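Here is what each chain is made of, one letter per residue.
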Amino acid sequence: MAGGAVPGAGRSDFLLRFRRSRNAVIGAAIVALVLLMALLGPSLVGHDPAKVNVLDAWRGPGDKYLLGADALGRDVLARIVSGARVSLTVAVSVLAITLTVGTVLGMIAAWFGGWIDALIMRTVDIIFAFPELIFAILIAAMLGPGTSTVIIALSLVWWPGIARLTRSLVLSLRSEMFVDAAIACGTPVHRIMRRHFLPNIVAPLIVRASIGVGFIIMAEATLSFLGIGVQEPTPTWGAMIRDGLTQLRTDPHLALWSSLALGVTMIGFNLLGDGLRDILDPRMQER
Amino acid sequence: MIGYAMRRLVGLVGVWFIAIVLTFVAVQFVPGDPIMALLSDRSGDPVLEARLRADYGLDRPLPVQFLDYLGNIANGSFGLSFRYAGTPVIEVIAGGLLITPMLALLAITLAVGLGVLLGIVAAVRQNTWADTAVILGLVTGVSIPNFALSAFLVWFLSIKAGLLPVAGWGRPEQLVLPLIVLVVPPTAYIARLTRTYMLEVLNQDYIRTARAKGLRERLVIWRHALRNTLVPLLTTVGIIFGGLLSGTFVVETIFNIPGLGRLAIESIFARDYPVTMTIVLLFTVFYSLINLAVDLAYAALDPRIRLTGGAG
Amino acid sequence: MMLKTMRTLFGTSALVAGLALAGAAVAAELRTNIPADPGMIDPITYSELVAGDVLGNVYEGFIGLDADGNVVPALATSWEAHDDNLGFTFHLREGVKFHSGRDFTAADVKYTFEQLLIPGNRGGLNASYLDPIVGAQAVKDGTTETLEGVTVVDDHTLDVRFTTPDVLFPIYPFYFMDSGIVEEHGPEWFNSVSAGTGPFRFEAWDRGQEVRLSAHEDYWGGAPEIDGVRFIIVPTGDTAVSMYEAGELDLVYAADTAIRRILVDDQFEGQRITAPAAQVQYIGMNSNLYEPFKDPRVREAVCLSFDRQAMIEGLYDGAAFPLYGQITPGVAGYNPDFPAIPYNPERARELMAEAGYPGGEGLPPVKMQTTEPNRNLHLYLASQFQEILGMPVEVEIVERGGHIRAMNAGEVPFFHWGWSAGYPDALYFLSQMWYGPSPYNRGRWQNDEYDALIEQAQQTPDEQERYKLYHAAENVLMGEFGTCGTTMRMQVAVKKPNVEGVALTPFRFLPFADVTIAE
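Protein chains in written order, with my numbering: chain C, 1 to 287; chain F, 1 to 312; chain H, 1 to 519.
Since the hints were made in silico from the structure, they are not lab data. Don't take every hint at face value.
[Unchecked claim] Partner residues are not named here, just some residues of chain C that face chain F (Cβ under 7 Å, in silico):
{"#": "1", "residue": "PHE130"}
{"#": "2", "residue": "MET142"}
{"#": "3", "residue": "ALA221"}
{"#": "4", "residue": "ILE241"}
{"#": "5", "residue": "LEU248"}
{"#": "6", "residue": "GLY263"}
Note that the coordinates shown come from a computational prediction; the quantities given were computed from them, not determined experimentally. Just so you know, even glycine gets a beta-carbon here, dropped at the ideal spot from N, CA and C.
Put together the whole structure using the sequences plus the hints.
Shown next as structure tokens:
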């Protein structure tokens with residue numbers, strides 16, 4: 001196993017391979033851009049994304065509004081930048097929750113086995129029985145629309161995958177020699193988990209996470225598009241696309257730019273995820 | 001093999017029962033009172049409200065309601081719809097029952113076929129510009145939100161070019177646009193996976209041996225490499241199918257197809273709980289059956305699986 | 001059941017394929033859109049808008065409307081009030097045939113009334129008009145199935161007696177149905193046969209797809225020129241317009257989201273039909289729930305702080321008119337001299353200061369609650385109130401059923417909503433929305449003088465006298481700014497050039513009896 005044994009060499013090796021992978025570099029660039037947008041926020045742009053100016057409704061791109069205005073005369077560019085913040089907040093929250101919960105549960109299941117393992121894995125199976133988005137829609141319908149609902153729903157959908165991955169990784173690690181040695185030395189369980197397991201599962205988890213971000217952002221957009229996600233007046237790309245599509249024929253700018261924002265962000269995360277997998281997945285090293 | 005299949009089926013029934021319980025519980029939490037939605041502008045009438053509540057059995061204690069629900073599933077009616085007063089749910093969804101699965105199966109077949117082909121092309125021409133172009137195209141395919149894609153396609157192909165109908169159901173031309181939108185993301189995903197697995201396989205020793213033996217390249221790819229690519233690919237088909245089923249929600253809504261997906265969205269907004277519950281349940285059953293089929297196929301190809309009782 | 005589904009699926013495909021092949025022969029069907037399946041297809045439980053659009057072509061009542069929204073006789077050719085003002089005698093039209101072939105008689109009217117009132121039938125909207133009839137309560141209680149106050153004098157004369165006066169009874173809309181239909185076809189008759197007198201008969205309802213009507217050859221007004229009507233179910237307004245553009249629909253009633261596209265795009269030149277909607281839109285200010293609304297100066301300030309012109313141009317693309325009072329033009333009893341309410345932010349601020357809330361200081365936070373389709377409107381209003389009055393307003397989107405219930409229960413402090421006329425007379429607005437005891441007085445504004453004027457109007461048969469009472473009542477209401485009108489929306493529709501005879505009134509489309517479709 002490449003990762004855990006020699007940490008120092010692994011890191012510079014990683015950076016070297018990262019720079020070589022075209023996908024990872026382009027992806028990282030896009031993601032960095034989106035992050036920048038989210039961090040700086042609409043102050044970057046100048047217009048207030050919430051300022052209603054009804055006489056400017058659907059005004060086209062021009063000198064006043066760079067990308068045009070929406071149904072209430074609000075600046076599209078400012079709202080797209082704000083939307084980046086929302087999408088990333090949701091994505092980061094969901095990742096934080098699912099990675100924590102999923103890893104812990106997966107490790108517990110793998111280590112203790114028996115009925116604990118069975119319980120956790122049955123739960124995972126049940127959630128897996130529902131198609132992903134449908135499950136999210138059901139939960140969102142249950143909890144009522146809102147940002148926290150989206151985060152909860154997507155976390156519930158996503159953690160089983162992490163748990164299952166962690167469990168199989170830990171199971172295969174457990175049979176390694178150094179684990180037996182550690183147990184023989186009397187090392188407590190949590191230290192074994194932290195020192196021996198964690199470093200070895202970080203890589204696959206990162207790959208899974210970066211692929212997952214794409215799904216999470218798209219799912220949030222779909223939920224908002226259907227009207228059960230993030231609510232007004234918070235701007236979100238999904239809702240902007242929905243509003244924009246009704247006027248596609250006469251005022252395409254809203255739908256166009258928000259779709260582009262969503263699409264490019266997705267491409268960025270997908271490329272990054274692809275690139276990371278190419279680099280970190282040991283099976284691919286022969287290439 | 002039969003034993004394995006039987007064991008999995010029994011497990012599935014257990015999962016289905018839990019799904020029934022979960023959907024029932026979930027729906028109790030949905031905000032919004034369906035009786036109020038029914039009454040709508042007439043909600044100032046408490047007598048009518050009480051009567052409707054009794055008609056639908058909503059004034060009974062929850063456990064009794066659950067038993068009623070189970071009974072309704074058993075007799076095939078799945079209860080009464082709220083929105084279409086007095087109509088059994090099964091009648092409301094009957095039209096869509098055939099449509100959505102048909103769409104989904106058609107889409108997955110096309111996606112697998114096209115995806116594998118594209119993936120092979122990309123793998124074989126690795127690191128050429130064709131490969132990069134295909135990858136870029138594939139990543140884009142997975143990244144475009146399907147609702148945006150639908151709208152743009154309709155704009156260009158239906159209205160500007162007049163080539164295809166905008167929406168509806170019943171004629172074969174009306175299938176084209178919805179299928180394109182449904183098929184693009186999974187095709188892209190499958191193509192990328194195929195390319196990855198194919199590349200991995202192509203670097204294996206036995207392929208080098210086959211080439212060294214002087215076997216024609218085409219034979220190498222089709223007979224040896226493909227076989228070993230398809231097996232891991234099979235396991236992901238289940239997940240892809242789940243995404244496809246979810247995709248039908250949006251596509252059916254935009255293209256005005258009277259399928260289960262559109263009905264599900266409408267019923268959620270109309271607070272028509274029985275219809276929502278039934279559709280979610282049916283989707284889950286369908287999805288789990290597809291997964292079972294995939295697992296059985298995988299087990300048939302890889303004996304290790306059925307002997308140890310399951311992967312992971 | 002499976003077979004039925006298969007048959008439906010194949011049947012529809014075959015039918016559509018056959019139609020496509022047959023081409024010109026069946027082109028004379030009007031294809032129009034409805035936004036959802038009708039809630040019901042029978043005239044008794046009828047209680048929602050989409051069902052009304054369909055059933056209005058199949059069933060008729062005493063009166064109908066002309067293209068300007070005025071009342072014209074339909075199944076009743078004339079009527080007189082009783083001397084004591086407690087009833088009417090109706091003279092019914094002769095020679096009218098039901099879709100079943102039977103003759104329409106007074107017995108069918110009495111039967112319809114009874115069916116509406118019998119508790120097990122879940123009588124819908126039309127049942128509420130029958131409350132003043134003698135014996136109506138007894139039927140509703142279930143003690144009898146015979147309506148005492150209605151007498152069948154002869155085949156074409158009907159006598160109706162009331163417990164309290166109801167001068168507008170003759171213009172209430174009804175759907176008279178064939179009294180013999182249940183015997184022949186059982187309690188689920190409406191799924192397969194048609195029991196009305198209207199220009200079209202019900203043929204079939206393909207759930208999720210369309211409702212089909214076919215022409216009634218023996219219609220008393222003359223058989224329709226077209227062979228039938230197909231109401232195609234298109235939930236997304238935008239899709240409906242796209243289908244129209246692609247030639248798949250002949251007539252499209254535009255949903256809110258599609259109006260701008262129709263008005264702005266030149267290709268619809270000459271195909272647009274518009275008519276103001278007989279719908280009052282108002283701002284509800286419930287003083288029971290928000291202290292500041294108890295002060296009429298605060299209410300006036302609210303009414304002065306939004307710009308109707310900006311709303312019309314920005315939110316509605318010009319497809320609306322300013323509305324100041326609570327009666328819309330085109331409805332009997334409208335006051336054309338009603339004074340305009342200006343957009344006056346300075347005066348609004350002055351009033352707030354006078355009321356003790358200078359710059360909004362001391363105003364508790366308040367939520368404007370509404371449904372998704374009204375989101376933009378509320379966001380605009382909220383931003384105006386915040387900016388001009390300093391009012392801490394938040395907008396909350398909730399789902400429709402719960403919202404309507406909450407409004408009816410008087411639980412929503414601050415909202416913008418509308419009320420559509422059920423029959424063409426201003427009393428509908430004034431009595432349903434602002435009369436104290438009305439269950440639909442969602443703003444919970446109450447004034448004894450107003451209530452007295454309404455009660456008086458309900459008993460005044462002379463039109464001009466009654467209209468004076470309406471104006472007086474409206475002045476009382478608006479004098480203390482119990483509410484204010486905002487705008488009156490325009491209905492927008494498009495029809496293909498080869499379609500003629502479509503009439504869009506303030507009360508939506510007239511039945512399609514006179515429609516012709518040229519080749």
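Hint check:
no.: 1; hint: PHE130; verdict: holds (5 Å)
no.: 2; hint: MET142; verdict: holds (4 Å)
no.: 3; hint: ALA221; verdict: holds (6 Å)
no.: 4; hint: ILE241; verdict: holds (6 Å)
no.: 5; hint: LEU248; verdict: holds (5 Å)
no.: 6; hint: GLY263; verdict: holds (5 Å)
Violated hints for the displayed structure: none, as all numbered hints are satisfied.
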